[in-house]
Amino acid sequence: MPQIPSRRGLLFGGAAVGATALLASCTSNEPKNSKPAVSDRPAADDKPGKPVTIGFAGPQADHGWLNAINENAKSRAEKYSDVTLEITEGSNDTAAQIGQIETLINKKVDVLVILPADGKALTQVGLKAMRAGIPVVNLDRIFDSPQAYRCWIGGDNYGMGFNAGQYIGEKLKGKQNAKVVELAGLDNLELTKQRTQGFDDALKNYPNITKVARQAAEFTVESGQSKMAQLLQAQKHIDALWNHDDDQGVGALRAIEQAGRDEFLMVGGAGALSAFEQIKQDRGVLKATVLYPPTMAASAIDLARALGQGKGVSGMAEFEIPASITLFSAVVDKTNVDQYMPTGFR
Amino acid sequence: MTQPATPAQQGGPDAGPSPAPAADAPADGAGPLRLLWARADARTLSLLGVLAVLVLIGGITKPDEFLDTRNLQLVLTLSSIIGVVTVGMTFVIMSGGIDLSVGAIVALSSVWASTVATQEFGFAGVLFTAVLVGVGCGLVNGVLIAYGGMVPFIATLAMLASARGLALHITGGKTQTVSIDGILRLGNRDAYVLGVPPLVLVFAAVTVIGWLVLNRTTFGRRTVAVGGNAEAARLAGIDVRRQRLYLYLLSGLCCGIAAFLLLALVGSGQNTNGNLYELDAIAAAIIGGTLLSGGRGTIVGSVLGVLIFTTISNIFALNNLQSDVQQIAKGAIIVAAVLVQRRTASTT
Amino acid sequence: MAPEPSLLSMSGITKSFPGVRALDGVDLEVQAGEVHCLLGQNGAGKSTLIKVLAGAHQPDDGQITWRGEHITLKSPIAAMRLGIATIYQELDLVAHLSVAENVFLGHEPTTAGFVVRGRDARSATATLLKRLGHPEIDPARLVGELSAAQQQVVSMARALSHDVRLIVMDEPSAALDPDEVDNLFRIVGDLTAAGVAVVYISHRLEEIRRIGDRVTVLKDGRAVAGGLPAESTPTREIVALMTGRNVEYVFPPRPPAGTEYPPPVLTVEGLARDGEFAPLDLELRPGEIVGLAGLVGSGRSEILETVYGARRPSAGRVLVDGTPLRPGSVRSAVRAGLGLAPEERKAQALLMLESVTRNVTVSTLSRFARAGWLDRRAERAAARRATRELSLRPDNPDVPVRTLSGGNQQKAVLARWLLRGCRVLLLDEPTRGVDIGARAELYAVVRRLADEGLAVLLVSSEVPEVLGLADRVLVLREGLVVHTAPARELDEHRVLDLVMEGSPVPTQSVTEEGSATS
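In order, the protein sequences belong to chains A, B and C. Heads up, the first sequence is in this note's numbering, so the first residue is 1 and it goes up one at a time. Heads up, the second sequence is in this note's numbering, so the first residue is 1 and it goes up one at a time. Heads up, the third sequence is in this note's numbering, so the first residue is 1 and it goes up one at a time.
It is worth saying that the hints were derived from the structure and are not from the lab. Since the structure is predicted, the reported quantities are computational estimates derived from the model, not experimental observations. For every residue, glycine included, the Cβ atom is placed at its ideal position computed from N, Cα and C. Possibly wrong hints are sitting among the right ones.
[As the list claims (entries may be wrong)] Label-pair distances were calculated between CB atoms; the ranges are:
id, chain 1, residue 1, chain 2, residue 2, range
1, A, P207, B, D64, 22 to 32 Å
2, B, G149, C, S11, 47 to 57 Å
3, A, N92, B, V208, 37 to 47 Å
4, B, E120, A, F328, 35 to 45 Å
5, B, V55, C, Q89, 51 to 61 Å
6, A, D201, B, V208, 49 to 59 Å
[Unchecked claim] Computed list of lysine to aspartate or glutamate pairs in DMTMM-like fashion (alpha-carbon distance at most 25 Å, straight line):
id, chain 1, residue 1, chain 2, residue 2
7, C, K346, B, D64
8, A, K211, B, D324
9, B, K62, A, E190
10, B, K330, A, D187
11, A, K236, B, D64
12, A, K211, B, D64
13, B, K62, A, D239
14, A, K204, A, D187
15, A, K128, A, D144
16, A, K236, B, D239
17, B, K330, A, E190
18, A, K236, B, E231
19, C, K346, B, E231
20, A, K280, B, D181
21, A, K179, B, D64
22, A, K74, A, D110
23, A, K193, B, D181
24, A, K211, B, D68
25, A, K204, A, E257
26, B, K62, A, D262
27, A, K50, A, D82
28, A, K179, B, D68
29, C, K346, C, D24
30, A, K120, B, D324
31, B, K62, A, E257
Whenever a hint applies, use it, and build me the whole structure from the sequences.
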């Protein structure tokens, strides 16, 4: 290594230090008016009860929707003075997640909420918790065995595709030889296949509509942009687009803008805030999005609290909470977007 | 000394039980220089041949959509970002190293440069940040490898993990939208210069500069020397460690530029940006004829490798074939290219 | 000789490498149950011959007959299947495996073809080790933990684990203490008593006298004598066979005795590396060629590389014109005007994929560049001038350096330093892999460079080369300079004597002065 820094070296070093300081200040991401992206509706029964410790284990929040899951769970738990939330650092590694859940079991939390990185692979640890007397609320990605959870709550991927197809079908009613394209999510995920299946089934009711193309992106903005650009190049004229995921939709919309196309309507998926805002403005092609609500994490906390306190769900006659809850994939368009705006995730 | 060397003598004593020299080696008469030229040309020509075949397939299957100015612009645009990364990667591989962190560096640069705080500094602030973050990561890689004695594979693997982690930490998994018009316009049609997208212009410039640096400067010559025989380079008085440091800096710089282009193209920074760029860039360099062991490679070959991959994916997308088929084809092409390369190497 | 057909007969074996004909029609004939010694200097072709016998090299020409049948040895496995085992000088054991695993590597006793029966392997190994007189080696230990001598025993056990009829031992005693050598000889005796033939390579003539039956002498890729009786052939005759030359080396004339040299350009003060060589003092004056003579392992190359900064000294310093170099810095040495032509030309000096020009200019690149931008025409012209000055052939700096012969590759390395304007040239085995005919030309080049004012430090395992080319000679033994004298006052026998003195095995049967060289 050079022994004595030259004057030029010192100068450069100074610049580097300055630049680092500038860079450090650049990591801040707080917009001036930030507001929580969580439903503020009161819980069904929020009078303080028996204290409950809830363990929460989810995958790494490397995606807008998963991030919203964590935030929903956290802020929901904060609302209850009787709930203590033990949240693990998210991990996509099955082994790591198993270890985290076992730690929670050893800590003897009262209830576990688990969003497994891989439902099948984590079934055993779910069983273990149940056998240890800790009820498990299984969030979204379902375990292999019903014995591994006390209650499952999750979205409806098939329903999402189906509702998107039905919405498009109704909008294009009466249009002859209507052409539809699909921008799917990661192809090696089961949920992508379910969404496509639901969409295809819905379109069967509309003989005037043909799905002319389908490409799979990777739930990332970048892949959304590149796949959409090529889809648009392949199809000179389309009437509607169903995009599985609002995150990759950001890229898809960018590609649509770059190609200067606006002859079709676009339906998104999941329920990102940016999508809601564009639907509300009604200036672009994005007319609707089908929910896969991250608020399910807040509901899971409610269910877990109810389990811990031995209560049922208010509004239902039973003393116990249900064993399984499938959420409805509502279609959000201009007519009802205001209602959903607070649940939109970034 | 008096006898001129003949091609038959080229299996060295340490070649071991290697097969006899291939019989199809060009006959004598042509000087070794001509042979070298013929070989270099043959490699480039075969890549151009592959590209021509692909264009033919695209033209036959989708004549209207494939053979179209817009599609050409599209393919070149989609090649630009990974292309810039591949130019940097080619230098690193030529020197006998590897940079597994390029995708992660692109992700980190793009999210760091697209935070709300950075965007307050405008176009220049974003560009400066993207480049500086890339160079900074390259500096860390370079110092660890050149002066810390770490194996490039391990050092850049560690950088991959930490840069991705830091990118996730900064974004919190959220999509950071770019709101600076000047940057967004670079990705739009109205900014095309005589029909050429600005991203493609940058890609072309990086390619030309990369070619010149590799072939016309002491830096390029030293890179080849270090990759061809690091011990010989050291004993010849080349500062091998400093050269290695510079090479990883260069790769980081290319990642920073690529990150800026990515922001311009997709209009947002996300921690998932640059996903698997390391594999795409290495694959492109290898089918372009760069030896993984270092010492040989060309910028032109790498760029052709990138174009081949993008064109394949374009043809598949236009024909509505799904990603599984696409990945199989990509794997097959890598295997075929490496087999051809081995053949070329064994006749050398 | 016994009339029965020989176990092995090789005839007319020829093998060429680029620029070198390593074997030129060698004959070798080995009987069952004999110890057949192979003698020859470095580069005589011994290693190549045993590699052909081990199936590692394919001969270009010649016939191999094994127990009366004509065979080809396509691979090391083929040789092993026939019962030919080779114990190389650099042991080819896997340090991270146990003794038993090494012994049965590749032919493990198995159940159902794939389940290794480790216990059987260990007990079989223990039996073999006992037979070899080393029952103390635990078959379960890792080979990396054993001493060099013990590793050699393991290597031998591996050979014996096959149904072996011929064992080739390449300098097996080099790494052994005297009592270990006795044990080795006992094993060799046991083997031959059981009908196994041993091909034994050594430069220690006294060993050959003790255990050898017959001797074949190799020189310059030819067998100059085959099947001499090992005990009765006079040493003088053997040494003459090994050193006598068909092609006499032609050495350029030295400056006359009493030449006044300018003050030293290179001064080495107490330079040492622990475990490699003892503190060394040396002065090198412009126009002078100083030679270092010694066996392999005497520290010759290490000294050169330490002077050059490629290794960091544990003590002492190197000065050029009175200014000390930064220890362990090649760049500092090169900047001060040192240049090294290393021993392993291909691995340490040349960019084999590149042209002659690029190999020659690699140390002077910035001279042809402005702000990093190369003037390739100037570069090529300079390379051409430098290579022409050394009459490098072919006279075309654009050819890939790998197509050149060994001598011309060496000239490309010299041209690199010539172009750099280097003042001290360090030559490590400058004629290794260089054709006999091309050597004289290389010697002339080195002498001419010295006459033009270069100081040269030369290292060679070929004693005649050092004596013929150098003005002054330092004789090294085990890292220590044992003698310094003007070259004209020394002869080959005297140097060999100095080099070999204190060999582990007492030289009882050698009556005359002198002994075999490496």
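Cross-check of the supplied hints:
no., hint, verdict
1, A:P207 / B:D64: 22 to 32 Å, "holds (27 Å)"
2, B:G149 / C:S11: 47 to 57 Å, "holds (52 Å)"
3, A:N92 / B:V208: 37 to 47 Å, "holds (40 Å)"
4, B:E120 / A:F328: 35 to 45 Å, "holds (41 Å)"
5, B:V55 / C:Q89: 51 to 61 Å, "holds (58 Å)"
6, A:D201 / B:V208: 49 to 59 Å, "holds (53 Å)"
7, C:K346 / B:D64, "violated (56 Å)"
8, A:K211 / B:D324, "holds (20 Å)"
9, B:K62 / A:E190, "violated (31 Å)"
10, B:K330 / A:D187, "holds (17 Å)"
11, A:K236 / B:D64, "holds (10 Å)"
12, A:K211 / B:D64, "holds (20 Å)"
13, B:K62 / A:D239, "holds (21 Å)"
14, A:K204 / A:D187, "holds (22 Å)"
15, A:K128 / A:D144, "holds (13 Å)"
16, A:K236 / B:D239, "violated (56 Å)"
17, B:K330 / A:E190, "holds (24 Å)"
18, A:K236 / B:E231, "violated (58 Å)"
19, C:K346 / B:E231, "holds (10 Å)"
20, A:K280 / B:D181, "holds (22 Å)"
21, A:K179 / B:D64, "holds (18 Å)"
22, A:K74 / A:D110, "holds (17 Å)"
23, A:K193 / B:D181, "violated (37 Å)"
24, A:K211 / B:D68, "holds (24 Å)"
25, A:K204 / A:E257, "violated (30 Å)"
26, B:K62 / A:D262, "holds (23 Å)"
27, A:K50 / A:D82, "holds (6 Å)"
28, A:K179 / B:D68, "holds (22 Å)"
29, C:K346 / C:D24, "holds (23 Å)"
30, A:K120 / B:D324, "holds (23 Å)"
31, B:K62 / A:E257, "holds (24 Å)"
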